[in-house]
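Number of protein chains: 2
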Amino acid sequence: MMKSLGLIVEYNPFHNGHLYHLQQAKKQSQADVVIAVMSGNFLQRGEPALVSKWTRAKMALEAGVDLVVELPYAFATQRADRFAFGAVSILDEMKCDEIIFGSESGKIEPFLKTVDFLRENEKEYNEWIQRHVKTGISYPAAASKAFATIPNRPDEAVDLAKPNNILGYHYVNSIRENDSKMHIDTVQRTGAGYHEVGHGTDKIASATGIRKTLFEGNGKLSEIEELVPPTTYKGLIKHQHEFGQFLNWEGYFEFLKHRLITFSADELSEVYECVEGIQHRLKDQILRSESFQSFLESVKTKRYTWTRLQRLCTHILTNANKEVMNKALREQPTSIRLLGMSENGQKHLNTIKKKVELPIVSTLSKYSDDFMEMDIKATNTYILGFPSRFHTTLWKQEYANPPIRI
Amino acid sequence: MMKSLGLIVEYNPFHNGHLYHLQQAKKQSQADVVIAVMSGNFLQRGEPALVSKWTRAKMALEAGVDLVVELPYAFATQRADRFAFGAVSILDEMKCDEIIFGSESGKIEPFLKTVDFLRENEKEYNEWIQRHVKTGISYPAAASKAFATIPNRPDEAVDLAKPNNILGYHYVNSIRENDSKMHIDTVQRTGAGYHEVGHGTDKIASATGIRKTLFEGNGKLSEIEELVPPTTYKGLIKHQHEFGQFLNWEGYFEFLKHRLITFSADELSEVYECVEGIQHRLKDQILRSESFQSFLESVKTKRYTWTRLQRLCTHILTNANKEVMNKALREQPTSIRLLGMSENGQKHLNTIKKKVELPIVSTLSKYSDDFMEMDIKATNTYILGFPSRFHTTLWKQEYANPPIRI
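In the order they appear, the protein sequences are chains C and Y. Just so you know, this note's numbering puts the end of the first sequence at 406, numbered straight through with nothing missing. Just so you know, this note's numbering puts the end of the second sequence at 406, numbered straight through with nothing missing.
Accuracy of the hints is not assured; some may be wrong.
[Stated by the list, open to error] Calculated lysine-lysine pairs in the DSS-like style (CA-CA distance at most 30 angstroms, straight line):
#1 Y/LYS396 <-> C/LYS366
#2 C/LYS283 <-> Y/LYS322
#3 C/LYS322 <-> Y/LYS322
#4 Y/LYS396 <-> C/LYS283
#5 C/LYS322 <-> Y/LYS300
#6 Y/LYS302 <-> C/LYS396
#7 Y/LYS396 <-> C/LYS300
Calculated directly from the structure, the hints in this document are not laboratory data.
Throw the hints in and build the complete structure from the sequences for me.
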């Protein structure tokens, strides 16, 4: 029986830090096969991915991941708790033996203790959160404040004020919630700088930094060459050569404008997370904004954080209605979309296939459910960010193409 | 008391044929002032106008029209009967003494007789239309066939199989429907060729032909110079110089794609004229279409004519919902948007102002009603067809700008 390791990733794009994490996690777990559940074309912070999920899946496979499956949009673009729940559920369903995530400390005990403590004191914790939310701060800020104020918390508790710890916390919590038998552990993240990665010493920078360089620098790919594995670099070059541009929010701004000017406040309130009349602010500011960046700046408040608004804009863009998104608040994913596999991954898939209860979807045209319908809308929308001469081809490929094999 | 002449126009763009009609109508009516009710940014055939309503209003004023008022979107983009009804109602409300429209024959009697005959035999006529519609042909085709088959029609009846006669018929019919005291007459249209226009002999071509040359030729404006008055030519040059491009459906195709891929068949059925499941065909074909032109070609059938589909696409684009559009099927316009005036026009406006019962809206920010809300959505959408650096300025101008004065 092969031992399988599960990773929860966005790979936007796959860089040296990801490679380091992948290698450390493999070593630590002694796993024979690595399964990554990866966000599709829209990411947790409510952004379109730099390059498509296919390109990103290929980069992951070439770097040593064996199976890449898609985290459905309805989970991928949610707050940390549901993002984590969806991802952990899929890895559980894929019969993973262990999940390893990155953290500042590299120690799992504080996460386990914090989760157990807050599960025992759930009611009190939630009351504290609500109390802080009412003062007008954002939910994440309220949660971290609640945690700081709740009495009797364990000394070794993990610091939930740090965003990076929040996801880890929710991975552990989701395992408990699912009564999962999966083992969970963490490896220490590396900061920016030079580290032993791959076959030598490579420079590590964050994905955010890499994207920033690509869009704000003179857009020269060579500037990020030393920050990513050669396979990623090749993938980015190929994408740029084929499509001429990387994807970001600015490329979808016209569509957002159109939606906001033609939909009434009432109609917009059907969109998931469009609450408390925020759509009036959006409709107002869109008429004055020259870019997506300046638009979000003008709408942002203490309560409506950048990420929350960006996610809302993504839902407006993809027309993510409440029904399907709320379903992800209550239920587990209902199918598993396979994006790519190595030979090793395929061998493993054959051994677990019979035990996986959800449909494993290789080609889209043969299967659909509510979450997948939402994924199709999201992907079809994502494709609009490419130059228009590619639209029909990319739409067709999304339906017809089998998973990537390397 | 000044005698006022009303014209119902689109001026897309104002050309020598329009000038000829304007001059003939002025001569025939001996009017002191000319009021044009003009479609706004979207036209009766369901197309965005070549240049904005402001540019077109200016061209009209410079050619001799005294007052230009806007036909609201909810009437302007409807079938001939409601288009005519909205326009005639506005001219009636503006206290016009006479309406003159262009026709092949230049004789008003056949129109009057046909209208009277069909109003007397309305029930039978409608039954014939329904019978023909059921065979799967379009409504206009069915109406013209019904007219051909109805017994006892007067010998001198106007030929309702000719599209140009349909509008004239409905102008007359709307006058009857409104119990209006306005006189109505027609002047003969001139075909293509050279005619006495303005101060010399000018070449006349259709607006369709002119637009075709602008988009399909090498786009050189000089090719149409002899087909339009110098004032129009100057206006087109100015527009091209400022914005670089004229507006047509292809410039909105991306927005149509986005709407069709992100809205479910159910959601699309809320759009006006989205009936009989046509949205399934639209959703299907959009994924395969490289241009608006080829999209409409692929969706068109005997029953769904090009114009009907183009209007539907316009309504999808502007999110024209059933409520406001159906209101235009039952009610008259509720306000009059003034787009421009000459000195003579302003003098006239001052004399009639007190008698006009509807609000005359000079600046948008001070007034709104359901029809005008729809106009705002349509104009805001229309502006998206301009290069994006102009959007915020044009949106602002639409709210802030007073009518054009020459």
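Consistency of the hints with the structure:
no. : hint                  : verdict
1   : Y/LYS396 <-> C/LYS366 : violated, 49 angstroms
2   : C/LYS283 <-> Y/LYS322 : holds, 22 angstroms
3   : C/LYS322 <-> Y/LYS322 : holds, 23 angstroms
4   : Y/LYS396 <-> C/LYS283 : holds, 14 angstroms
5   : C/LYS322 <-> Y/LYS300 : violated, 34 angstroms
6   : Y/LYS302 <-> C/LYS396 : holds, 28 angstroms
7   : Y/LYS396 <-> C/LYS300 : holds, 22 angstroms
Checked against the numbered hints above, the structure breaks hints 1 and 5 and satisfies the rest.
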